[in-house]
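J.: Read off the chains here:
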Amino acid sequence: SQQGEEDPQALSIQEGENATMNCSYKTSINNLQWYRQNSGRGLVHLILIRSNEREKHSGRLRVTLDTSKKSSSLLITASRAADTASYFCATVPDNYGQNFVFGPGTRLSVLP
Amino acid sequence: ETGVTQTPRHLVMGMTNKKSLKCEQHLGHNAMYWYKQSAKKPLELMFVYSLEERVENNSVPSRFSPECPNSSHLFLHLHTLQPEDSALYLCASSHVGVGGELFFGEGSRLTVL
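Sequence lines, in order, name chains S and R. The opening residue of the first sequence carries number 2 in our numbering; numbering runs sequentially from there. The opening residue of the second sequence carries number 103 in our numbering; numbering runs sequentially from there.
No wet-lab data here; the hints were simulated from the structure. Note that the structure is a prediction, hence the values are computed from the model and not measured. Note that CB positions come from ideal geometry on N, CA and C, so glycine has one too. Treat the hints with caution; some may be incorrect.
Using 35 Å as the maximum straight-line C-alpha spacing, the simulated DSBU-like pairs for lysine-lysine come out as follows [to be verified]: (1) R:Lys124 x R:Lys142; (2) R:Lys120 x R:Lys142; (3) R:Lys120 x R:Lys143; (4) S:Lys70 x S:Lys57; (5) S:Lys70 x R:Lys142; (6) R:Lys142 x S:Lys71; (7) R:Lys143 x R:Lys124; (8) R:Lys121 x R:Lys142; (9) S:Lys71 x S:Lys57; (10) R:Lys121 x S:Lys57; (11) S:Lys27 x R:Lys142; (12) S:Lys27 x S:Lys57; (13) S:Lys57 x R:Lys120; (14) S:Lys70 x S:Lys27; (15) R:Lys121 x R:Lys143; (16) S:Lys70 x R:Lys124; (17) R:Lys143 x S:Lys71; (18) R:Lys143 x S:Lys57; (19) R:Lys120 x S:Lys27; (20) S:Lys27 x S:Lys71.
Covered stretches of chain S (in silico footprint by chain R; criterion: 3 or more residues with CB under 8 Å from a CB of chain R, positions within the stretch not fixed) [said to hold, decoys possible]: (21) 52-64; (22) 103-109.
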């Protein structure tokens, strides 16, 4: 069954603005990861947050995790046209070391 | 160039053809994966090989047959496919164990006529 669900499905913003994407999941997790995919290409890992962490930063990316609400958010600050892509969350459930479960993704368009 | 290489990048085949997708990783990982990505659907995990043994097979039709001859190579053999099998097939690799990130190839775009 599907684990992660991103929200919104699509997001369109102007360059320089911040973009926030949310991910909800259903079962317990060991960690949650965010990936980026440019159109027709492979996915690229962005950031991993473990279940005992609440917030993590990497450059212009900020990820939060709320295990009580089973949700995570990805914030991209000062967006650029090059950030245009689809963003996916993936959960790694307890006891499933290789069972990464991806949500349907958020399509982000950053307009120049 | 990523550490995971997929060939071919594009493939068109008829429903009666037999073809194979190939994946090679140069990262020293010991787990490899096949995912299917269809339009407007989440990534679907098809197969996982960990330490060269198949550990996941998510109810994939038998017309898809995986092969993992060693920890660096993964194949997906295709035969008598259906038009609804047209999709982007993504290979990935990781270190065995909870928490490792996935490294993806660029994918093989398959069209079944």
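J.: Quickly compare the C-alpha distance for lysine 121 of chain R and lysine 142 of chain R to 35 Å and report which way the hint goes.
T.: Holds, at about 25 Å.
J.: Holds or violated: lysine 70 of chain S and lysine 57 of chain S, Cα atoms, limit 35 Å.
T.: holds (17 Å)
J.: Can the restraint linking lysine 57 of chain S and lysine 120 of chain R be considered satisfied, given a maximum Cα separation of 35 Å?
T.: violated (46 Å)
J.: Between lysine 121 of chain R and lysine 57 of chain S, does the CA-CA distance stay at or below 35 Å?
T.: Violated - the C-alpha atoms of lysine 57 of chain S and lysine 121 of chain R are around 43 Å apart, more than 35 Å.
J.: Going straight from one Cα to the other, do lysine 71 of chain S and lysine 57 of chain S come out at no more than 35 Å?
T.: holds (16 Å)
J.: For the pair supplied as a hint, lysine 143 of chain R and lysine 124 of chain R, is the alpha-carbon distance within the 35 Å limit?
T.: Given that 35 Å is the threshold and the Cα spacing comes to 23 Å, the pair holds.
J.: For the pair we were handed, lysine 143 of chain R and lysine 71 of chain S, check the Cα-Cα distance against 35 Å.
T.: Measuring from Cα to Cα gives roughly 22 Å; hence the hint holds.
J.: Verify the proposed pairing of lysine 27 of chain S with lysine 142 of chain R, using a straight-line Cα cut of 35 Å.
T.: holds (21 Å)
J.: Does lysine 124 of chain R pair with lysine 142 of chain R here, judged by a C-alpha cut-off of 35 Å?
T.: Between lysine 124 of chain R and lysine 142 of chain R the Cα gap is close to 25 Å, so the pair holds against 35 Å.
J.: Hinted pair, alpha-carbon criterion (35 Å max): lysine 70 of chain S, lysine 124 of chain R. Please report holds or violated.
T.: Distance of about 40 Å is beyond 35 Å: violated.
J.: Keeping to a limit of 35 Å between CA atoms, is the pair of lysine 142 of chain R and lysine 71 of chain S held or broken?
T.: This hinted pair holds, its Cα atoms lying about 23 Å apart.
J.: Given the hinted pair lysine 27 of chain S and lysine 57 of chain S, is their Cα-Cα distance within 35 Å?
T.: holds (21 Å)
Comparing the model with each numbered hint stated earlier shows that hints 10, 13, 16, 19, 21 do not hold.
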